[in-house]
Amino acid sequence: MPEVIVRKTVISIEEIYHEGGPVLDNVHRRAYIASVIQNPFAGRYVENIVGFIDDLKPLGLHMAKSLIEALGGDAGVVEAYGKASVVGENGELEHAALWHAPGGYSMREQMPNSKAIVPSAKKVGGPGARIDVPVTHSDASYVRSHFDAIEVGINDAPRKDEMLVILAMTTGPRIHHRSGGLETKDIVGIDGLK
Amino acid sequence: MKIRKIAVTLEETYLEIGKEISPPTRRAAAVAVIENPFSCKYQEDLTELMKIGEELGGLLGKKCVEALGIEPAEAESYGKAAMVGENGELEHAAAILHPKLGKPLRAEVDKGAALVPSSKKMGSMGQAMDIPLGHKDAAYVRSHFDGMEVRLNDAPRSNEIMVAIAVTDSGRPLPRVGGLTHQAAEGKDGLR
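Sequence lines, in order, name chains L and R. Mapping of the first sequence onto my numbering: position 136 corresponds to residue 136, and the numbering continues sequentially without gaps. So the mapping is simple: my numbering equals the position in the second sequence, first residue as 1, plus 1000.
Calculated from the structure, these hints are not laboratory results. Where is the CB? At the ideal position from N, CA and C, for every residue including glycine. A hint or two may mislead.
[Claimed, not checked] Which residues of chain L face chain R? A partial, calculated answer using Cβ under 8 Å:
| id | residue |
| --- | --- |
| 1 | Ile-5 |
| 2 | Arg-7 |
| 3 | Lys-8 |
| 4 | Ile-11 |
| 5 | Ile-13 |
| 6 | Glu-15 |
| 7 | Ile-16 |
| 8 | His-18 |
| 9 | Glu-19 |
| 10 | Gln-110 |
| 11 | Glu-151 |
| 12 | His-177 |
[Said to hold, decoys possible] Straight-line alpha carbon distances no greater than 20 Å define the calculated DMTMM-like cross-link-like pairs of lysine to aspartate or glutamate that follow:
| id | chain 1 | residue 1 | chain 2 | residue 2 |
| --- | --- | --- | --- | --- |
| 13 | R | Lys-1100 | R | Asp-1045 |
| 14 | R | Lys-1019 | L | Glu-19 |
| 15 | R | Lys-1002 | L | Asp-156 |
| 16 | R | Lys-1002 | L | Glu-19 |
Using the sequences and the accompanying hints, generate a full structural model.
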């Protein structure tokens, strides 16, 4: 299968102090890393594409490590995660699905306690396309305080023959979470759901 | 100054139109979302915003240099921009950007003889803002004229101002339109 050719990466970290409510001591951080890669299947229909999943694994691992590094180097601070992919116009939606395994497991490998499925979004789009990366708690998907989404977009990507692969992490609940539901202190942490 | 959030973005380019960029070009932007103390009213004296600019020049400049992981002297270009939410006034952006922001920013990038290029606008949540970039010590260095787009889907709210600083450790990925080069720049008068 083809090698992974990376044109650029973008790392972004938001530090949130408040959103109209009380300012907290613990700054809430929302971060993502996005890599712009060449789509090896652009411009034609290719039946057998699954081999590219293995090709993407080293990139996924590198991205997960880089993002944790950008958050200070301790994977223990990450409480929620998500992933997404945007495929340029000469590709197809199915290509975005190749990111599921390498994207998800790269983060979970760095986070020993993570049991929850990594939520995801995908789309076909042009340069500057925005995608909302869904984010949920990494130990238990139902934790309501950690449901979130991070909007990601790069003005010059994905070009026609490219795809954008994204990992997202947050260090805690929404800044002023108060909508009830399962709380982190009540996580059982066996099935990844509750 | 009431800061709601700060977003820092680091971009590294490895390939441009198929050509390898070695070492990769790198640029960082730090964006602060602050409350506009003068929204919904005409305020003659903008001193408070000038002080905010002074604080943000140092804070955001430092964030950029930290994100790049470089020594201050390794910074090569910079720029600044502000976008004011709908209940404010364009002059608010000017008060933040121009009187006092530059000095503390220059301290963070070591020197900075050149004018810090800037742009400003009124805007709403999710709008893109292009931060102009120019060489920090010699404004005529042609390889370093650039711009970096930033946007936050939830800012600026009506009563907020978005303030951004960008710093790079390199010029455009494949500069080849001539002019003064980084190597040839003297960097004394801020121009050449």
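Enumerated hints in conflict with the structure, sorted upward: Structure breaks hints 10, 12, 14, 15.
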